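As they're listed, the protein sequences go chains A and B.
Okay, so the first sequence: first residue is 1428 according to the numbering used here, each after it adds one.
Okay, so the second sequence: first residue is 1348 according to the numbering used here, each after it adds one.
Just to be clear, a hint being listed does not mean it is correct.
No farther apart than 20 Å at their CA atoms in a straight line, the calculated lysine-lysine pairs in the PhoX-like style are these [as the list claims (entries may be wrong)]:
| hint | chain 1 | residue 1 | chain 2 | residue 2 |
| --- | --- | --- | --- | --- |
| 1 | B | K1398 | B | K1449 |
| 2 | B | K1492 | B | K1429 |
| 3 | B | K1429 | B | K1500 |
| 4 | B | K1449 | A | K1457 |
| 5 | B | K1500 | A | K1457 |
| 6 | A | K1457 | B | K1492 |
| 7 | B | K1393 | B | K1492 |
| 8 | A | K1480 | A | K1497 |
| 9 | B | K1429 | B | K1393 |
Some chain A residues well away from chain B (every beta-carbon gap over 12 Å; in silico) [as the list claims (entries may be wrong)]:
| hint | residue |
| --- | --- |
| 10 | D1437 |
| 11 | D1476 |
| 12 | F1496 |
| 13 | K1519 |
| 14 | A1531 |
| 15 | Q1532 |
The set of hints was computed from the structure by calculation and includes no laboratory data.
None of these values were measured; they are calculated from a predicted model.
Heads up, the beta-carbon is just placed ideally off N, CA and C, and yes, glycines get one too.
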Amino acid sequence: MDQLQRKLRDYEAAMFQQGFLDDQFSQLQKLQDDSSPDFVIEVMTMFFDDSEKLLNNISRALEQIPVNFKQIDAYVHQQKGSSASVGAARVKNICATFRSFCEAQNRDG
Amino acid sequence: MAAAGEIFRSNLTELLEESHSGDNELHVLAVDDSLVDRKVIERLLKISSCKVTVVESARRALQFLGLDGDGENSDIGFDGVKVNLIMTDYSMPGMTGYELLKKIKQESSVFREIPVVIMSSENVLTRIDRCLEEGAEDFLLKPVKLSDVRRLKEFIMRGEVKDGEKNSLKRRRSSDDCSPSLSTTFSPMRHLCDPPSSLFSPLSPSTLSSKKSRL
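Build out the structure end to end from the sequences listed, making use of the hints.
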């Protein structure tokens, strides 16, 4: 059990180190306590569900002809917002890049 | 007439004292279209010992406040849904946070005096300026942190206490005049959560610049 916990801690540390997670994730952890013991899991679950929906929307939008970049940009903006709120730094940064492609109307990007 | 004024005045003072001893929990109305952000802000506020109501749109917020134009908003009918602070996301579909801010500040009643804070993930100076000019109390960059909420809470609570004192003085003075308007605004029978009043003087240049420097 201790081993598992240690592994989890190492994994978490690696996520921070590699830039997958940022300080906002630590903020979320601070919000978890006895009165709200599953807070982080609940938020992350919401985040994953939300992201899935957004990604589906984005894929569908990319298949339309002509591509509605403005709509996609709006979806990506939402994705960026929620990833920032949970500390998903990598996702957030990818969104920023994505949005510049939208601006340039670069479908292949 | 003078006797009635006396009784009224003493009732009011009692009520004010009561309300200050118990109720120092802030009631915050949070508005955000993002499910994730709603969850986070709700937790941030709860852990900071605030009473929270979260809604998903500006329309719902106005509904909650009773300002949606469907219901009536008479002074006596003020239902006691007392909100000490409104925190709203800027970019929302339908009515934006900015539009919500404007609507609230256009109210000619206690509602325009509720401090409104705008939250946004985008650091756009013109947007920030516009919000502050329209009367926003503060502009928070997302993601919102615990320290942001704590700072906000302290600021608001300081305003409430200071103004509570200012107001009890004001009321004592005006009830001496036996002004009829006072008796319609407050019912001595009803428990007042907090004396509705203006919390802040118009933004002074120094506070504006300190807000900007924080960004």
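Each hint, compared with the structure:
no., hint, verdict
1, B:K1398 x B:K1449, "violated, 24 Å"
2, B:K1492 x B:K1429, "violated, 25 Å"
3, B:K1429 x B:K1500, "holds, 16 Å"
4, B:K1449 x A:K1457, "violated, 34 Å"
5, B:K1500 x A:K1457, "holds, 18 Å"
6, A:K1457 x B:K1492, "holds, 10 Å"
7, B:K1393 x B:K1492, "holds, 13 Å"
8, A:K1480 x A:K1497, "holds, 18 Å"
9, B:K1429 x B:K1393, "holds, 17 Å"
10, D1437, "holds, 26 Å"
11, D1476, "violated, 8 Å"
12, F1496, "holds, 17 Å"
13, K1519, "violated, 9 Å"
14, A1531, "holds, 19 Å"
15, Q1532, "holds, 21 Å"
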